[in-house]
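Visitor: Below are the chains, spelled out letter by letter.
Number of protein chains: 2
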Amino acid sequence: MSIFSKELSDMDDLFVHTLRDIYYAEGRIAETMPRMIDKATDLELRSSLQHHLDETRNHITRLKRVFELHGAAAKGVRCPAIDGIIAEAEEIVGETADSAVMDAAIVASAQAIEHYEITRYGTLIAWAKELGRDDCAAILDETLREEYAADGKLTDIAEARVNRLAA
Amino acid sequence: MSIFSKELSDMDDLFVHTLRDIYYAEGRIAETMPRMIDKATDLELRSSLQHHLDETRNHITRLKRVFELHGAAAKGVRCPAIDGIIAEAEEIVGETADSAVMDAAIVASAQAIEHYEITRYGTLIAWAKELGRDDCAAILDETLREEYAADGKLTDIAEARVNRLAA
Numbered sequence: 068m069s070i071f072s073k074e075l076s077d078m079d080d081l082f083v084h085t086l087r088d089i090y091y092a093e094g095r096i097a098e099t100m101p102r103m104i105d106k107a108t109d110l111e112l113r114s115s116l117q118h119h120l121d122e123t124r125n126h127i128t129r130l131k132r133v134f135e136l137h138g139a140a141a142k143g144v145r146c147p148a149i150d151g152i153i154a155e156a157e158e159i160v161g162e163t164a165d166s167a168v169m170d171a172a173i174v175a176s177a178q179a180i181e182h183y184e185i186t187r188y189g190t191l192i193a194w195a196k197e198l199g200r201d202d203c204a205a206i207l208d209e210t211l212r213e214e215y216a217a218d219g220k221l222t223d224i225a226e227a228r229v230n231r232l233a234a
Numbered sequence: 068m069s070i071f072s073k074e075l076s077d078m079d080d081l082f083v084h085t086l087r088d089i090y091y092a093e094g095r096i097a098e099t100m101p102r103m104i105d106k107a108t109d110l111e112l113r114s115s116l117q118h119h120l121d122e123t124r125n126h127i128t129r130l131k132r133v134f135e136l137h138g139a140a141a142k143g144v145r146c147p148a149i150d151g152i153i154a155e156a157e158e159i160v161g162e163t164a165d166s167a168v169m170d171a172a173i174v175a176s177a178q179a180i181e182h183y184e185i186t187r188y189g190t191l192i193a194w195a196k197e198l199g200r201d202d203c204a205a206i207l208d209e210t211l212r213e214e215y216a217a218d219g220k221l222t223d224i225a226e227a228r229v230n231r232l233a234a
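Line by line, the protein sequences are chains D and P.
According to the numbering used here, the stretch in the first sequence is residues 68 to 234, in order.
According to the numbering used here, the stretch in the second sequence is residues 68 to 234, in order.
It cannot be assumed that every hint is accurate.
Identical copies go unnamed one by one, so any copy, or any two together, can satisfy a pair.
Once the Cα atoms are required to be at most 35 Å apart in a straight line, the calculated DSBU-like pairs of lysine-lysine come out as [to be verified]:
hint, residue 1, residue 2
1, Lys106, Lys196
2, Lys131, Lys142
3, Lys196, Lys142
4, Lys131, Lys196
5, Lys220, Lys106
6, Lys106, Lys142
7, Lys106, Lys131
8, Lys220, Lys142
9, Lys220, Lys196
Quick caveat, the hints were computed from the structure, so don't treat them as lab data.
Assemble the whole structure, with the sequences as input and the hints as a guide.
Guide: What follows is the structure in structure tokens.
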């Protein structure tokens with residue numbers, strides 16, 4: 068969408084635009100996570116990321132269902148935010164030599180991704196409810212709960228072991 | 068920092084690198100918020116963003132104190148994540164014609180910024196504690212509490228009025 072246009076004229080436009088933003092973001096996350104899993108050493112961190120990769124693929128399926136319910140085409144719009152978050156994750160992980168420090172960097176990077184998803188799904192749920200789309204809100208809320216759980220699990224792993232081994 | 072180097076060899080490097088990342092990010096946020104305030108219409112949203120802009124300037128002062136305590140030079144490193152989040156905020160706000168829809172877009176954009184800060188400060192506090200820098204962790208925690216409060220306030224404003232007017 069051109070930045071010179073004024074294409075978002077009502078909340079429905081904003082809702083669909085943000086759905087397309089997170090749809091693109093989930094696709095980029097699903098592409099990136101296997102590389103993070105490959106680089107991780109801690110077994111619980113690896114299995115937690117693998118579990119969340121499976122969930123991420125399901126989030127994409129759920130988004131398609133939301134597009135369908137709302138009568139909008141399921142397509143992505145480039146999301147500079149997730150591109151930047153992923154570029155930064157790859158940069159930090161690429162600069163880290165020690166495997167324990169790498170695990171700590173991977174946790175931090177994965178949590179930055181989770182928080183981006185948490186804020187977007189939180190907004191989408193609020194807007195869906197205002198638009199009278201409780202059906203869409205309920206589906207998006209299933210995903211939001213999984214994002215919160217993934218973030219909490221990463222905190223647990225970091226605090227239990229990963230940060231101590233890296234320090 | 069070059070992506071071809073392996074410059075982050077221990078957690079102290081990672082801590083200082085991430086401090087520099089959020090130091091750069093806070094600077095960019097302080098530059099961007101006045102434009103968001105200018106575009107906002109809702110009076111409570113405007114005053115809440117203005118209050119958080121004042122806090123943001125204080126977060127920069129606090130980060131300088133953390134650099135000083137930790138004996139590291141206070142400087143920024145380019146943070147592709149916040150650059151992307153801000154680019155996306157400016158794109159969405161630039162595409163929105165109606166002032167009520169603009170307010171909803173501004174809340175969403177400001178919350179994406181808050182969540183980036185929440186994840187980075189959360190990580191920095193955990194790492195500071197592992198490094199035995201409870202003094203740095205305590206300062207960073209003051210900022211984290213303000214980021215959570217700013218995010219919560221934006222949710223309250225959106226739910227009380229902004230989203231309903233936009234819908």
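Visitor: Evaluate each hint against the coordinates.
Guide: Hint check:
Taking the shortest alpha-carbon separations for Lys106 and Lys196, only the inter-copy value of 25 Å comes in at or below 35 Å, while the best intra-copy value is 40 Å. Proximity of Lys131 to Lys142 under the C-alpha cut-off of 35 Å is restricted to the intra-copy arrangement: shortest distance 9 Å within a copy versus 43 Å between copies. For the homomeric pair Lys196 and Lys142, the shortest alpha-carbon distance inside one copy (22 Å) is at most 35 Å, but the shortest distance between copies (43 Å) is not. For the identical chains of this complex, Lys131 and Lys196 are intra-copy neighbours only, at 18 Å inside a copy versus 42 Å across copies, given an alpha-carbon limit of 35 Å.
Taking identical chains as interchangeable, the C-alpha atoms of Lys220 and Lys106 lie at most 35 Å apart only when both belong to the same chain, with a minimum of 19 Å there against 38 Å between chains. Taking identical chains as interchangeable, the C-alpha atoms of Lys106 and Lys142 lie at most 35 Å apart whether they share a chain (30 Å) or sit on different chains (29 Å). Taking the shortest Cα distances, Lys106 and Lys131 sit within 35 Å of each other both inside one copy (30 Å) and across copies (33 Å). Taking CA atoms no more than 35 Å apart as the test, Lys220 paired with Lys142 passes in both settings, with 30 Å inside one copy and 32 Å between copies.
In the homo-oligomer, the alpha carbons of Lys220 and Lys196 lie at most 35 Å apart both inside one protomer (28 Å) and across protomers (19 Å), since each shortest distance falls under that limit.
This entry satisfies every hint, going by the numbered hints stated previously.
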